[in-house]
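Visitor: What follows is the residue order along each chain.
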Amino acid sequence: MKVIEMPAEGDTAKTKLFCVGILISGVSGSQSALNPAGAEAEQIATLFWWMAGGATVIWGIMIALLIYSLHLNPVAHPRQKSALFIIGGGAIAPTIILTILLIYGLNILPALLARPPAGTLQVEVQGYQWWWRVRYLNQWEEPIELANEIRLPRGEPVDFILSSSDVVHSFWIPSLGGKVDMIPGRTTHLTLHPTKTGRYRGVCAEYCGASHAYMNFTVEVVEKKEFDEWLAQQSTDRKTPQNEAVERGEALFLQTGCSACHTIRGTEADGTIGPELTHFGSRKSLGADMYPNSRDNIENWIAHVSALKPGVKMPEFRALKNDEYQLLSAYLKQLK
Amino acid sequence: MDSEPANLISEQDRNSAEQRRQSAERLLKAWETPRGWRYWSAVNNSEVGMWYTVASFCFFLFGGVLALLMRIQLAVPGNTFLTADQYNQIFTMHGSVMMFLFAVPIFEAFSIMVLPEMLGARDLPFPRLSAYGFYSFVIGGIFVCGSLFFDAAPKGGWFMYPPLTSSFQDDIGADIWLLGLTFIEIASIAAAIELIVGVLKCRPPGMRINLIPLYCWYILVVAGMILFAFPPLIAGDILLEMERAFDWPFFDPQRGGDPLLWQHLFWIFGHPEVYIVFLPSVALMAMMVPTFAKTPMVGYSWVVLSAVGTGFLSFGLWVHHMFTTGLPGISIGIFSAASQAVAIPTGVQLFCFLATLTAGNVKRSVCLHFIFAGMATFIIGGLTGVMVAVAPFDFQAHDTFFIVGHLHYVLIGGTIFPIMAGFYYFFPLVKGKQLSERIGRIVFWLVLIGFNITFFPMHITGLLGMPRRVFTYPANMGFDTLNLISSLGSMLLAAGFLLFLYDVVRPRTKQPLSERNPWQAGTLEWLAQMPDLPWGVRTIPIIESRYPLWEQPNFMRDVDEGRFYLADAAEGKRETIVSSVIDAEPMQCLRVGGPTFLTFFAALFTGGFFIFATYHWWLAASLSGLIALGVILTWVWTGTAEIPEKEIKDVGLGLSLPLYVSGPNAVGWWAMFITMTADITAFVSLVFGYFFYWTIHEDFPPQPLQGPGVFWPVTGLVLLLIAYGLTLLSRYWNRSGYVRAFYLSLSLAAVVSLTGTLALLAGPWLTELDPTTHVYPAIIWVLTGWTALHVILGVIMQLYCLARRAAGKMTDRWDADIMNVSLYWHFLALTVVMTVGVIAGFPSVS
Numbered sequence: 001m002k003v004i005e006m007p008a009e010g011d012t013a014k015t016k017l018f019c020v021g022i023l024i025s026g027v028s029g030s031q032s033a034l035n036p037a038g039a040e041a042e043q044i045a046t047l048f049w050w051m052a053g054g055a056t057v058i059w060g061i062m063i064a065l066l067i068y069s070l071h072l073n074p075v076a077h078p079r080q081k082s083a084l085f086i087i088g089g090g091a092i093a094p095t096i097i098l099t100i101l102l103i104y105g106l107n108i109l110p111a112l113l114a115r116p117p118a119g120t121l122q123v124e125v126q127g128y129q130w131w132w133r134v135r136y137l138n139q140w141e142e143p144i145e146l147a148n149e150i151r152l153p154r155g156e157p158v159d160f161i162l163s164s165s166d167v168v169h170s171f172w173i174p175s176l177g178g179k180v181d182m183i184p185g186r187t188t189h190l191t192l193h194p195t196k197t198g199r200y201r202g203v204c205a206e207y208c209g210a211s212h213a214y215m216n217f218t219v220e221v222v223e224k225k226e227f228d229e230w231l232a233q234q235s236t237d238r239k240t241p242q243n244e245a246v247e248r249g250e251a252l253f254l255q256t257g258c259s260a261c262h263t264i265r266g267t268e269a270d271g272t273i274g275p276e277l278t279h280f281g282s283r284k285s286l287g288a289d290m291y292p293n294s295r296d297n298i299e300n301w302i303a304h305v306s307a308l309k310p311g312v313k314m315p316e317f318r319a320l321k322n323d324e325y326q327l328l329s330a331y332l333k334q335l336k
Numbered sequence: 001m002d003s004e005p006a007n008l009i010s011e012q013d014r015n016s017a018e019q020r021r022q023s024a025e026r027l028l029k030a031w032e033t034p035r036g037w038r039y040w041s042a043v044n045n046s047e048v049g050m051w052y053t054v055a056s057f058c059f060f061l062f063g064g065v066l067a068l069l070m071r072i073q074l075a076v077p078g079n080t081f082l083t084a085d086q087y088n089q090i091f092t093m094h095g096s097v098m099m100f101l102f103a104v105p106i107f108e109a110f111s112i113m114v115l116p117e118m119l120g121a122r123d124l125p126f127p128r129l130s131a132y133g134f135y136s137f138v139i140g141g142i143f144v145c146g147s148l149f150f151d152a153a154p155k156g157g158w159f160m161y162p163p164l165t166s167s168f169q170d171d172i173g174a175d176i177w178l179l180g181l182t183f184i185e186i187a188s189i190a191a192a193i194e195l196i197v198g199v200l201k202c203r204p205p206g207m208r209i210n211l212i213p214l215y216c217w218y219i220l221v222v223a224g225m226i227l228f229a230f231p232p233l234i235a236g237d238i239l240l241e242m243e244r245a246f247d248w249p250f251f252d253p254q255r256g257g258d259p260l261l262w263q264h265l266f267w268i269f270g271h272p273e274v275y276i277v278f279l280p281s282v283a284l285m286a287m288m289v290p291t292f293a294k295t296p297m298v299g300y301s302w303v304v305l306s307a308v309g310t311g312f313l314s315f316g317l318w319v320h321h322m323f324t325t326g327l328p329g330i331s332i333g334i335f336s337a338a339s340q341a342v343a344i345p346t347g348v349q350l351f352c353f354l355a356t357l358t359a360g361n362v363k364r365s366v367c368l369h370f371i372f373a374g375m376a377t378f379i380i381g382g383l384t385g386v387m388v389a390v391a392p393f394d395f396q397a398h399d400t401f402f403i404v405g406h407l408h409y410v411l412i413g414g415t416i417f418p419i420m421a422g423f424y425y426f427f428p429l430v431k432g433k434q435l436s437e438r439i440g441r442i443v444f445w446l447v448l449i450g451f452n453i454t455f456f457p458m459h460i461t462g463l464l465g466m467p468r469r470v471f472t473y474p475a476n477m478g479f480d481t482l483n484l485i486s487s488l489g490s491m492l493l494a495a496g497f498l499l500f501l502y503d504v505v506r507p508r509t510k511q512p513l514s515e516r517n518p519w520q521a522g523t524l525e526w527l528a529q530m531p532d533l534p535w536g537v538r539t540i541p542i543i544e545s546r547y548p549l550w551e552q553p554n555f556m557r558d559v560d561e562g563r564f565y566l567a568d569a570a571e572g573k574r575e576t577i578v579s580s581v582i583d584a585e586p587m588q589c590l591r592v593g594g595p596t597f598l599t600f601f602a603a604l605f606t607g608g609f610f611i612f613a614t615y616h617w618w619l620a621a622s623l624s625g626l627i628a629l630g631v632i633l634t635w636v637w638t639g640t641a642e643i644p645e646k647e648i649k650d651v652g653l654g655l656s657l658p659l660y661v662s663g664p665n666a667v668g669w670w671a672m673f674i675t676m677t678a679d680i681t682a683f684v685s686l687v688f689g690y691f692f693y694w695t696i697h698e699d700f701p702p703q704p705l706q707g708p709g710v711f712w713p714v715t716g717l718v719l720l721l722i723a724y725g726l727t728l729l730s731r732y733w734n735r736s737g738y739v740r741a742f743y744l745s746l747s748l749a750a751v752v753s754l755t756g757t758l759a760l761l762a763g764p765w766l767t768e769l770d771p772t773t774h775v776y777p778a779i780i781w782v783l784t785g786w787t788a789l790h791v792i793l794g795v796i797m798q799l800y801c802l803a804r805r806a807a808g809k810m811t812d813r814w815d816a817d818i819m820n821v822s823l824y825w826h827f828l829a830l831t832v833v834m835t836v837g838v839i840a841g842f843p844s845v846s
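These protein sequence lines are chains A and B, in that order. What the first sequence shows, in our numbering, is residues 1 to 336, in sequence order. What the second sequence shows, in our numbering, is residues 1 to 846, in sequence order.
This is chain A alone, in the form it adopts within the complex (with noise of 0.2 Å):
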C-alpha cells in the first residue's frame, strides 16, 4: 500500500512557531472564523472581538477585586456597606452590560436569518455519511449535482438549502459564516454573502458517527463570470472517450459495479448512493476533503477505502489487477 499524504491546505505554516497572542491576529487559515471571507463572518469576528474585549475588562476588574479582599485586605469593611457592593456589582452592572450586548447582538440576528430576495442562487445540500450531495437550482431545469465541492460567485447571496438523508450533521463554512444543522426530516436555509475570493474549506460540525472528522468539504469563492463559466461546465455530461485507455477505464469502471453506486452523465451509470463523479477529475480533492486528487490517492482510495475511512459504505475493491487500478484513476482523472 502506498503512503498517501495528508492535505496540505491553507497557507498557515508561517503561523506555527508565533505565540499564541499573535497566533490569534496573524492566522489565515482557511477555515477560521477569525478570517472572515464573507459578511456574516465578518459581522460574527467583530461581534466576537468586541465581546472578548469586554470580557477581558470584566475579569480584570474581577481578579483585582478578588485579589484585593484576599490578599490586600487590611482592615474589614463595615458590612453596612456591603449592599451597595453587592447589588451594584451583582446585579445592576451586570444588567446594563448585558443590555446593551443583547442590543448590541440580536440586532444582527434578523439579517443573519432572513432569507434572500428571490432569484438567488439556490444550492441544495444534503448530508450523508460521510460526504455531501451538491445541487444547482434555479437557471437550469435540471439541478446540476455534484459531491463534496462548492463554488460561490463572490459579492451575490447564495441560498443554502440543507437537509440530511441519515443522522444529524451541520453544515459550516467558518470563513463565510454561521452554522446551520442538517436534520433528517426537515429542511433548513442558511444565506451566505461571499466577499473575498479563495479557497475555502467546509466542515461537518455535528458528530456524526465513525468519521465524523472526515466529513469536510472545499468552498471555492469566485468571480461571478468565472462561476458562470465553471457551473457550465459542470453542467454537461461527460467528454467522450477520446483514447483507448480512457475507453477501457470506462468499461472497467462500468464492470466492476462502481455505476451500482457512482453516475457519471454521459454513461450508463446512474447510482445514487454515492457522490457522482461526472466531472470528478475537476476537483481539488477526494473522499470529502480527505486527500488531494491524485492519481496515487485515488487507486489507494479504491483499494483500501474501509482502512482510510472508518465505516464508509464503499467496498474495497482489493481484487483488481495493478494496471486495473491504474486504468481507474487515470480516467477518472481525465473527466474534467
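Simulated from the structure, these hints should not be mistaken for lab results. There's no promise every hint is true.
[Stated by the list, open to error] Distance windows between CB atoms, simulated:
1. B:E585 to A:G53: 54 to 60 Å
2. B:D583 to A:G53: 48 to 54 Å
3. A:T56 to B:W618: 55 to 61 Å
Every residue, glycine too, gets a C-beta built ideally from N, C-alpha and C.
Take the given structure of chain A and dock chain B to it, following the hints.
Guide: Just chain B now, kept in the frame of chain A:
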C-alpha cells in the same frame, strides 16, 4: 437561652458524669458500625456517604484517564494512537462518566455524608434508601464503564442524538448508555428525595428555615432541580430505547417521528444539569468563605434568592443548545436573553462572597487558594458563556473547540476547583487528619497552570474552525501547535491531580490527629470529634443562630455533655428528631433503619433487570426485576412503619415526642410526595412528546389511522376512578375501625383497578394500533403502557396494605402504609385522567 444554662440543663445537672458516660455508651452501641464482612451492611450516612464519595471520585479518575487518551490522540495531526471508533467511544464515555458518574453523584454523596452533621441530626430519614442508591450507582457505573474494555461502549456522544443512536448504531453501546444510565438516574433521584426530606424535616429544634446553613439551601435547590430535570431525560431514554428494541419510530422522520424531540427532552435535562453540577460547588464556597473570613456570610438572603433564581432560570435556557437547528428568530432571541439573564443571580452570589471576604479578616489557607482558582477560572467560563448566549456568535462557536474550552472553564473552574477546596476543608471531618498544606500549594499551582495551558488554547482552536468530537485533524490548518500545547498542558494538569490523589490516599499513621474544629468554623458539622464518632452528634442541640459555634456560648461543651435532646438511646434504637418544615418545631422521634444487606440485594437485582434488558434477555430481566421487587417489599415490610412499643418518648429537656406519625407530618409521606412529583414530571414529558408531534404534523392523529377510540379509554378511566375512590374509602374505614369494610373496599379496588387497566389497554389493542407503523400509535401505546404499569404498581400497594392489616402491622391507629398508598393514588388518578384526556379526548377537540 445560653445566658441561663442552669435552667435549661437543670435535669442533667443532677446526672453524674457516670450516667453521662453510660448514656453515651448506649448511644454508641445503637449507632455502632458493623465490623468484618458485615461492614458492608452499614447504612449510616457517614459510611454510605464516604463510599459514595470515594466511588464517584474513582469514576472521576477514570474519566480523567479517558480525557488524557483523547489529548494524546489529538496531540499531533493525523495521529493513529486511537482509531476513530475507539476515540468516539472514549469521548462519549468521558462526557457521560463525568456528568452521570462523577459530577451529580459526588454532590449527592458528599451531601449524604455531611448533611446530618450540618443539621445536628443523627442520620438522614431513609438511611437504607441511601445505601440502595449507592449500590445501584456502583453496579450501574461499573457496567457502563466496563463496556469500554469490551469495545462495546456507547459511541453516540453523551448527548446521544438520534437517528445516529436509533437507526445507525446496531451494536449494544447505545442500549448500555440508555439502560445503564437510566438505572443510575433513578439512584440519583432517590438520593435527591432523601436530601430534600433531610433538609426539610430533619433539622434540630429552633433551626428555622432562615437559619439553615447555606449549603442546605443549595441542597434544596439542586435536589429540586434533579427532581424536575432527570425525569424528562428518563422519558427520552424510554422513547429511544423503545425505538431501538422494538422499532417504535419516535425519532424516525419516515414514520412521523422527529429527531428534534430528543434534543428538546435531552436539553431540558441537559441545561439544568450544568447548574446541578455547578451550584453545589457554590454551596461549598458558601460554607468556606465565611469560615476563612471569620465572619458570617454577608447577604445570606441574597445568596439564597440567587440560588433559587438560578435554579428556576436554568429550566428556561435549554434552547440555547439548539440555536443552529433552524429555529425562528423570535425563539432564538428569547432564549438568548434568558441565557444571559442567568448571569445576574450568579453575579450576586459572587459579589456576596467578595463582600464577605472584605468584611472579614481573611485567614490564609490552601482552601482559599482553590477558591481563588475556582472563581478566577469560572468567571472566564461565565464570560465566554455570555458570549455564546449571543446567538449570532453561537452560530460560529457552537460545536467547536471554543465550546470545549468554555464548558471546561465552567465545570473545572466552577465545580472541580471548589470541590478540591472542599476536600482540604472537610477532610479532617472524615479522616480526623488534615491534608498537607505544603503539597496542596504545589497541587494548586500544577492544576491552575496545567488547566489554563490545556483549555485556554481551545477557544482559539475552535474559532480557527476546529469542530468538536473529531478523532483527528489535518496538518497545517492552524490547529497543530495549539493542540500540542493543550495536550502538554493536560499532562501537567494530570500531574497535579496525581499529586492530589497521593496526598488523599497516603498512609497517615504517624500524622497527629487534627485539632477539633480546625478552621474555627461556626456551623454544626464542626462539632465532630477527631476522629468522628458514628452517632452523628452527641445530642441534638437547640439552634438559635446561623453560626451556633460562634454565636451560642458554651455550645460545644453543652453538646459534648449531652445537655440537649436525645442524649441517650435507652431502647438501643437508632433515633433522630423530625421537625416542622418552616419553624423546625420538634414533631417526632424518628426511628431509622439499621444495618442490612437487603439494600445491596435490592440494588443487585434492580441492576440485573436493566443489565439483562440491555442484552434483550427478557426472561432473565423479568426474573431479576421480580426478585428485586420481592427484596424491596421485604425491606419495606420489615423496616418501615414499625409499630412502636409506646406512643410517645421522652427525648430530654422535658419534651415528649410521638414515635409514630402518619400522613402529611411523616417523612415517608413527604418522600412519596416528592417521588411522585418526579414521576409525574416524567409522564408529563411523554405527554409533551404527544403534543410536540401534534405541532409538527398537519394531521395528528394521521388521517387513515384510527385512534384508540373513546369507549374503551373512558371505560378504563371510570373504572380506575372508582378504584381510586375505593382506595380512599378504605383509608377512611381503616381509620374508623370498620375492618370488614376496609378489607372489602380495598380488595374490590384492586380488582377494579386491574379491570380498568385491561379496559385502558383494550383501546389501542382492539383498534389494532400497531406501534411500529407510525409515531402516533407508538406514543398512544407509550402513554397507555406507562399508566398501566403504574396501576399495577398501585395494585401491589393495595395488596401490601391488605397484607399489613392482616398481619397486624397496620391498624386503625398505625396507618402510615395506607396513608402513603392513597397519596400514590392521588397522583395515579391524575395520570389516568391526563392519559385518557390526551388519547381519547384531545383528538375529538383538536
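Visitor: Just to be sure I understand the hint, the distance between the Cβ atoms of A:T56 and B:W618 should be within 55 to 61 Å; is that true here?
Guide: Given range 55 to 61 Å: holds, Cβ gap about 58 Å.
Visitor: Within 48 to 54 Å or not, the Cβ separation of B:D583 and A:G53?
Guide: 52 Å, holds
Visitor: Starting from the range 54 to 60 Å, see whether the pair B:E585 and A:G53 falls in it by beta-carbon distance.
Guide: With Cβ atoms ~56 Å apart, the hint holds.
Violated hints are absent here; each numbered hint is respected by the structure.
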